[in-house]
Amino acid sequence: MQIATCRISADDSSQPVVTPFRDGEGFRARGDASDLFGVRGIVGQSRSMRRVAEQICQVAATDATVLLLGETGTGKELLANEIHERSARRRRDMVRVNCAAIPATLIESELFGHEKGAFTGALARQIGRFELSDGSTMFLDEIGDLPLETQVKLLRVLEEREFERLGSSRTLRANARIIAATHRNLGQKVADGTFREDLYYRLDVFPIAVPPLREREDDVTLLVKRFVSEFSQAFGKRIDVVDEDSMAALRQYAWPGNVRELKNIVQRAIITTNGHRLVIPTPRTIVSTATRSARLSDVERDHIRTVLESTGWRVRGSAGAADRLGLKPTTLETRMAKLGLKRPSPA
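In our numbering, the protein residues as written are 1 to 347.
Heads up, some of the hints might be wrong.
Stated by the list, open to error - Here are the simulated DSBU-like pairs of lysine-lysine, each with C-alpha atoms no more than 30 angstroms apart in a straight line:
1) Lys263 x Lys237
2) Lys342 x Lys263
3) Lys328 x Lys338
4) Lys116 x Lys153
5) Lys328 x Lys263
6) Lys189 x Lys153
7) Lys328 x Lys342
If you are wondering where the hints come from, they were derived from the structure by calculation, not from laboratory data.
Please take these sequences and the hints and turn them into a complete structure.
Quick look at the structure:
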């Protein structure tokens with residue numbers, strides 16, 4: 001059986017990347033933004049995403065357990081599907097379980113199945129997800145939310161590939177490849193006693209850290225191009241260019257919802273536009289301290305932008321942003337240029 005492969009070097013700047021064509025009005029939006037190195041889940045040219053693409057290519061053809069780490073909305077399920085599709089197990093559908101979406105009282109039955117009469121309401125035998133994933137891939141999303149009592153049984157499945165349905169003493173076997181994902185800090189949960197240390201090390205065979213969008217500023221343009229192409233075709237609208245001021249603002253935004261948030265914003269903008277030039281309003285979501293970037297330049301940019309917005313982007317004068325910040329107007333203008341802060345064009 002032929003397995004999909006790819007050649008990639010995370011440090012090779014000569015590798016082809018997708019770049020939008022530009023003109024005096026904005027970047028041209030028509031045309032497809034191809035995926036990076038043929039890995040369908042990745043659009044971008046940043047070093048961090050090149051590394052993710054390289055890791056996917058390295059691990060996909062094996063049966064090794066993969067742990068995807070990253071914030072909500074970074075596309076972990078998309079990457080899990082890509083790993084499965086590049087493996088020898090791709091002829092069977094990947095089985096998905098969201099550990100956070102299933103009540104603690106039902107998660108064990110969902111994973112391992114149950115016999116008729118195993119508990120109140122068990123009116124018929126149910127095949128569990130592990131049985132269904134025999135010979136395929138099991139994707140355990142939000143593994144950090146799995147109850148402690150279920151973690152013990154999951155550990156046995158990972159180590160011995162054996163389990164029993166609820167209400168049965170018959171041991172079953174399942175040859176399933178495990179891909180787990182979480183937005184939580186599992187190391188901290190181990191320290192807190194809410195996640196088993198032995199399960200953590202059993203899952204942490206091949207970790208892949210998926211970077212948040214705020215650390216991929218250069219990729220925002222490429223992602224916008226992809227989503228504009230996708231939604232303009234879906235809605236039957238022609239979009240020729242995207243406003244450059246919109247793009248500059250989007251690149252500076254912190255993206256607490258990551259790629260998912262960007263996709264929704266582009267979709268909404270295309271739904272409401274009536275012309276061939278797309279203006280994408282900058283989100284006004286309040287970024288929590290848990291997701292805000294700790295980089296000094298990002299903190300400074302966010303603070304200066306907030307003050308500028310509160311003054312209507314007026315720099316000079318007694319009520320201007322420079323006066324509020326305790327800076328000379330020329331100093332503030334220099335910092336604005338350095339941080340890429342520009343007054344948005346009128347709607």
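Results for each hint:
For a cut-off of 30 angstroms, the pair hint linking Lys263 to Lys237 stands: about 17 angstroms separates their Cα positions. Distance check on the hinted pair: Lys342 and Lys263 sit about 23 angstroms apart at the alpha-carbon level, within 30 angstroms; holds. Only pairs whose Cα atoms come within 30 angstroms are accepted, and Lys328 paired with Lys338 is accepted, the gap being roughly 15 angstroms. Among the hinted pairs, Lys116 with Lys153 is consistent with the structure: their alpha-carbon atoms are about 21 angstroms apart, no more than 30 angstroms.
The straight-line distance between the Cα atoms of Lys328 and Lys263 is roughly 39 angstroms, outside the 30 angstroms bound, and the hint therefore fails. Proximity of Lys189 to Lys153 is assessed by CA-CA distance (about 18 angstroms); at most 30 angstroms being required, the pair is judged to hold. A hinted pair counts as satisfied when its Cα atoms are at most 30 angstroms apart, and Lys328 with Lys342 qualifies at roughly 18 angstroms.
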